[in-house]
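Undergrad: Sequence:
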Amino acid sequence: MARKILVTGAAGFIGSNFVHFLVANTDDTVTVLDKFTYAGNAASLAGLPENRVSVVHGDICDAELVDDLVAVSDVLVHFAAESHNDNSLHDPKPFLDTNIIGTYTLLEAVRRHGTRYHHISTDEVYGDLELDDPQRFTESTPYNPSSPYSSTKAGSDLLVRAWVRSFGVEATISNCSNNYGPRQHVEKFIPRQITNIIVGERPKLYGEGLNVRDWIHADDHSSAVLRIVEAGRIGDTYLIGADGEKNNRQVLELILTGMGQPSDAYDHVVDRPGHDLRYAIDSTKLRTELGWRPSFPDFERGLAATIDWYRGNEDWWRPQKAATEAKYREQGQ
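Its first residue numbered 1, the sequence shown is counted upward by one per residue in the UniProt record's numbering.
Calculated from the structure, these hints are not laboratory results. Using N, Cα and C, we set each Cβ at its ideal position, and we do this for glycine too. A portion of the hints provided could be inaccurate.
[As the list claims (entries may be wrong)] Within a straight-line C-alpha distance of at most 27 Å, the following computed BS3-like cross-link-like pairs (lysine-lysine) qualify: (1) Lys4 to Lys93; (2) Lys204 to Lys35; (3) Lys246 to Lys285; (4) Lys246 to Lys204; (5) Lys321 to Lys246; (6) Lys188 to Lys204; (7) Lys321 to Lys93.
[Said to hold, decoys possible] Label-pair distances were calculated between CB atoms; the ranges are: (8) His90 to Asp27: 38 to 46 Å; (9) Glu330 to Arg165: 41 to 49 Å; (10) Ala24 to Glu314: 20 to 28 Å.
Build out the structure end to end from the sequences listed, making use of the hints.
TA: Rendered as structure tokens:
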């Protein structure tokens, strides 16, 4: 039976990919609620069928608007977040507003209407691991956030858990590793390097590039979220990862060679303050309990598909590029 799904932040990178995934793989109708900040892009929702997808321009902190939308929805999937670490270091307040107050506003609405709620979070709430640590994050790893961004996401996760326990809200949480794929803003690491090469600029590497991330294609994140919405146990947390650990230098060198460039054709720039060393996800629970598997278990194959997308969609990213690079130059990055 087709559901009515409300997706917040779906003009952004991961949310828009989720909407495309829903349209392609379900009969559900989708309402997008997005504030259309700099990270939201109407072009990311272009081409979707109007009888399946409607778009509302609004703020998740607007309690009246949120209540109206939740009242007519079967499921709320909450992607909306301020999510860029560098931005959180320069101005933390928007992260508090969106990630804490926005989540509270949504939770109160689903509490009133009995709507199923799924909360999208990040592995960054767990802090970081040493580069030589054999351990990976699990659902029982203690929270240890290190930035305004990750601390506000950790706070939003705790709000969800409290609303489940205190008020019986039907909610689940997923914490995902770093996403890559189509429709990601060019301020982010992988699309920044790809688009630099396309426009003839040298890519940029923070410090020595030894920081490790556990990469997952956005389509695999989407399929995991849908599986959790359909079969996840209420009140539970699921970690989403595709065993894609690579350090930043390895990723950049793969991008360069995949685009026909020398593997050392990049510049080092000043490192980010408090740059976490390593993230690594253990997704055993998701795989064993819910039977989920990634469709891009090979990072190199997913990266090649991502490069092809940015090469074929310059009209999507070029309007963002000049302003983004100007901002990085001001920061010495």
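Undergrad: State for each hint whether it applies.
TA: Taking the hints in turn, this is what the structure says about them:
The suggested pairing of Lys4 with Lys93 is violated, with an alpha-carbon distance near 32 Å, which exceeds 27 Å. Distance hint between Lys204 and Lys35 is unfulfilled; the C-alpha atoms sit about 30 Å from each other, more than 27 Å. For a cut-off of 27 Å, the pair hint linking Lys246 to Lys285 stands: about 22 Å separates their Cα positions. The hinted pair formed by Lys246 and Lys204 meets the criterion: a straight-line CA distance of about 17 Å does not exceed 27 Å.
Restraint check: the Cα-Cα separation between Lys321 and Lys246 comes to about 25 Å, which is no more than 27 Å; the hinted pair holds. At most 27 Å may separate the alpha-carbon atoms for a hinted pair to count; Lys188 and Lys204 meet this at roughly 11 Å. The suggested pairing of Lys321 with Lys93 holds, with an alpha-carbon distance near 25 Å, which does not exceed 27 Å. Between His90 and Asp27 the beta carbon distance is about 43 Å. The supplied range of 38 to 46 Å therefore holds.
For Glu330 and Arg165, the hinted distance range of 41 to 49 Å is satisfied, since their beta carbons lie about 45 Å from each other. Remark: the range hint 20 to 28 Å for Ala24 to Glu314 is upheld by a beta-carbon distance near 24 Å.
The structure shown violates the earlier hints numbered 1 and 2.
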